[in-house]
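Full structure from sequences and hints, please.
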Amino acid sequence: MAEELVDVRNLGMKYQSPNGEIEAVRDVSFTVSKGEFVSLVGPSGCGKSTILSIISGLLKPTSGSVRIGGEWVRGASRKVGYMLQKDHLFDWRTIYQNVLLGLEVRGALNKESKERVMGLLNTYGLYEFRDKYPDQLSGGMRQRAALIRTLAVDPEILLLDEAFSALDYQMRIAVTDDIYGIIKREQKTVIMVTHDISESISMSDRVIVLSKRPATVIAIHDIKFNLKERSPLACRETREFPGYFNMIWRELDVHV
Amino acid sequence: MFMSERQEPALSRERAEYLRKLKIRKHAILTARILILVAFFAVWEIAGNLRLIDPFLTSQPSRIIRTLSNLYMQGDLFKHIGITCLETVAGFLLGTVLGTGVAILLWWSDFISRVLEPYLVVLNSLPKIALGPIFIIWIGPGPSAIIVMALAISLIVTILEVLNGFLSADPEKIRLVETFGANRLQVFTKVVLPSNIGSVINALKINVGLSWVGVIVGEFLVSRAGLGYLIVYGGQVFQLDLVMTSVIILAAAAALMYQGVVWIERKLMKNPQVYGRM
Numbered sequence: 007m008a009e010e011l012v013d014v015r016n017l018g019m020k021y022q023s024p025n026g027e028i029e030a031v032r033d034v035s036f037t038v039s040k041g042e043f044v045s046l047v048g049p050s051g052c053g054k055s056t057i058l059s060i061i062s063g064l065l066k067p068t069s070g071s072v073r074i075g076g077e078w079v080r081g082a083s084r085k086v087g088y089m090l091q092k093d094h095l096f097d098w099r100t101i102y103q104n105v106l107l108g109l110e111v112r113g114a115l116n117k118e119s120k121e122r123v124m125g126l127l128n129t130y131g132l133y134e135f136r137d138k139y140p141d142q143l144s145g146g147m148r149q150r151a152a153l154i155r156t157l158a159v160d161p162e163i164l165l166l167d168e169a170f171s172a173l174d175y176q177m178r179i180a181v182t183d184d185i186y187g188i189i190k191r192e193q194k195t196v197i198m199v200t201h202d203i204s205e206s207i208s209m210s211d212r213v214i215v216l217s218k219r220p221a222t223v224i225a226i227h228d229i230k231f232n233l234k235e236r237s238p239l240a241c242r243e244t245r246e247f248p249g250y251f252n253m254i255w256r257e258l259d260v261h262v
Numbered sequence: 024m025f026m027s028e029r030q031e032p033a034l035s036r037e038r039a040e041y042l043r044k045l046k047i048r049k050h051a052i053l054t055a056r057i058l059i060l061v062a063f064f065a066v067w068e069i070a071g072n073l074r075l076i077d078p079f080l081t082s083q084p085s086r087i088i089r090t091l092s093n094l095y096m097q098g099d100l101f102k103h104i105g106i107t108c109l110e111t112v113a114g115f116l117l118g119t120v121l122g123t124g125v126a127i128l129l130w131w132s133d134f135i136s137r138v139l140e141p142y143l144v145v146l147n148s149l150p151k152i153a154l155g156p157i158f159i160i161w162i163g164p165g166p167s168a169i170i171v172m173a174l175a176i177s178l179i180v181t182i183l184e185v186l187n188g189f190l191s192a193d194p195e196k197i198r199l200v201e202t203f204g205a206n207r208l209q210v211f212t213k214v215v216l217p218s219n220i221g222s223v224i225n226a227l228k229i230n231v232g233l234s235w236v237g238v239i240v241g242e243f244l245v246s247r248a249g250l251g252y253l254i255v256y257g258g259q260v261f262q263l264d265l266v267m268t269s270v271i272i273l274a275a276a277a278a279l280m281y282q283g284v285v286w287i288e289r290k291l292m293k294n295p296q297v298y299g300r301m
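Protein sequences, first through last, are from chains A and B.
Just so we're aligned, residue 7 is where the first sequence starts under my numbering, counting upward by one.
Just so we're aligned, residue 24 is where the second sequence starts under my numbering, counting upward by one.
By construction, these hints were calculated from the structure, which means they are not laboratory data.
Remember, predicted model here, so these are calculated numbers, not experimental data.
Don't be surprised by glycine CBs; every beta carbon is placed ideally from N, CA and C.
The reader is advised that the hints may include incorrect statements.
Claimed, not checked - Have a look at the derived ranges for each label pair, beta carbon to beta carbon:
1. 131(B) - 28(A): 24 to 34 Å
2. 194(B) - 114(A): 18 to 28 Å
3. 137(A) - 131(B): 26 to 36 Å
4. 76(A) - 137(B): 34 to 44 Å
5. 285(B) - 29(A): 50 to 60 Å
6. 50(A) - 37(B): 40 to 50 Å
Said to hold, decoys possible - Partial list, derived from the structure: chain A residues whose beta carbon lies under 7 Å from chain B:
7. 82
8. 88
9. 94
10. 98
11. 108
12. 111
13. 112
Written out as structure tokens, the structure reads:
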């Protein structure tokens, strides 16, 4: 087993509002190893995103703790890169300026980091578009730009929060493949939240199935495919795929 | 995978026809506008000469030109225009800067914003002109009181307009910069302000108009100098020529200042794409 990078222990979260209390997460524990791709799957609104927010340090849990590389998470963690549902590229900034956003905010803008960003833009085919504005790019290119913006701050862990759900189905399949390739190439550890069972199986080494609110861990599955070179699209065509799908489908116990 | 740049291919016949019609229409609109203006002044002049209307009450373009040249000869014309414009610009700048400043403060602290809410509502609904005499007594009958009048009229609207824009900034974009560890100041400078250049500009446009209202009312009350003074004075001595002349100068000056704001807007909107959508 590879080195343990993220340790989530007995996480609990209760939201308070004048109208009452909502328990979003109850006693969730899991670990993620370096280089692993882990998905949290659960019904919509079950508190998956809350778990990601807590791991990133944006949200303080009411109980339990998160450690990344042995350190307690307090406040927005520098080790974490977050990708949200939409690309949220700023339309008043060029692609290059957009990609530098994280470095600017962290005060890490220097010759070296700029060169690294230029390298990323170059590797992933956005170099020629660096002076364009986001609305001059296609949905897939925008997602790439958003990923490079996240990679620019050189995070150890990527958190993907339903990261492709704003795209239409075909685009989503293509972008998933594209982004997966980049993530693997950059050798990042990933925790992804999704309600899409197929997406989670096709991308992950491990799938953590969560119950509806309050989110608790129902099951954890190792996902293994007999493939030489793994890609989300290839996984969807394997013989193992439907088995995983049906198992998780039953565990989620979906009712209309 | 990406959209190509919009390139102009060789024009098709239909396209050329369409563009020609577009051009004709543009010229027609401009011609009609000029004709309306010319016709208005011509009818005004002729009706006065034929005594269909009484130029003593309605004035007349020729009389306005005479009044203009008289004012110019006396050396008063630019003094009055200058003082009014100066007061308006001062009131406008103060209103914009202070209004935006207070809006930033209220955005920053939800607590202060909540505390001040009822006061803002009352101040917003209060006709600020009612405060005119107070300003004159406190500050003295001069340009300062007039500027404060203009400020009073434009300030609250600016605050509310700009604050509204700030509060409508996309929470997901704010979350995005927070994932990079942004503090409140960075959230403001990286997301809230740049995504709200539009609402700040809109506030500027409203402000220009309101500053003129404030300044003219102020000059009515103070009655020392300026276009507002000329209008009130002309009314009191029954010189409608003077009143009409001042009103026309006022219209021209106000339109010019508005165009100035539009010009600033173009400069600020660096991304033509964004500008095109607004």
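How the hints compare with the structure:
1. The hint said 24 to 34 Å for the Cβ distance between residue 131(B) and residue 28(A), and at roughly 28 Å that hint holds.
2. Take residue 194(B) and residue 114(A): their Cβ atoms lie about 25 Å apart, and the range 18 to 28 Å holds.
3. For the pair residue 137(A) and residue 131(B), the supplied restraint of 26 to 36 Å holds, since their beta-carbon distance comes to about 34 Å.
4. Between residue 76(A) and residue 137(B) the Cβ separation comes to about 42 Å, which falls inside the hinted range of 34 to 44 Å.
5. Checked against the given bound of 50 to 60 Å, the beta carbons of residue 285(B) and residue 29(A), roughly 54 Å apart, stay inside it.
6. A hinted range of 40 to 50 Å holds for the C-beta pair residue 50(A) and residue 37(B), which are about 49 Å apart.
7. Among the interface hints, the one on residue 82(A) holds; its C-beta lies about 4 Å from the nearest C-beta in chain B, closer than the 7 Å criterion.
8. Given the 7 Å rule on beta carbons, the hint for residue 88(A) holds: about 4 Å separates it from the nearest Cβ of chain B.
9. Nearest Cβ of chain B to the Cβ of residue 94(A): about 5 Å, under the 7 Å cut. The hint holds.
10. Of the supplied interface hints, the one on residue 98(A) holds, with its beta-carbon coming within about 5 Å of a beta-carbon of chain B, less than 7 Å.
11. Satisfaction of the interface hint for residue 108(A) is found here, the shortest Cβ-Cβ separation to chain B being roughly 4 Å, below the 7 Å cut-off.
12. Checking residue 111(A) against chain B by beta carbon gives a least distance of about 4 Å; that is within 7 Å, so the hint holds.
13. Hint status for residue 112(A): holds, given a least beta-carbon distance of 6 Å to chain B, under 7 Å.
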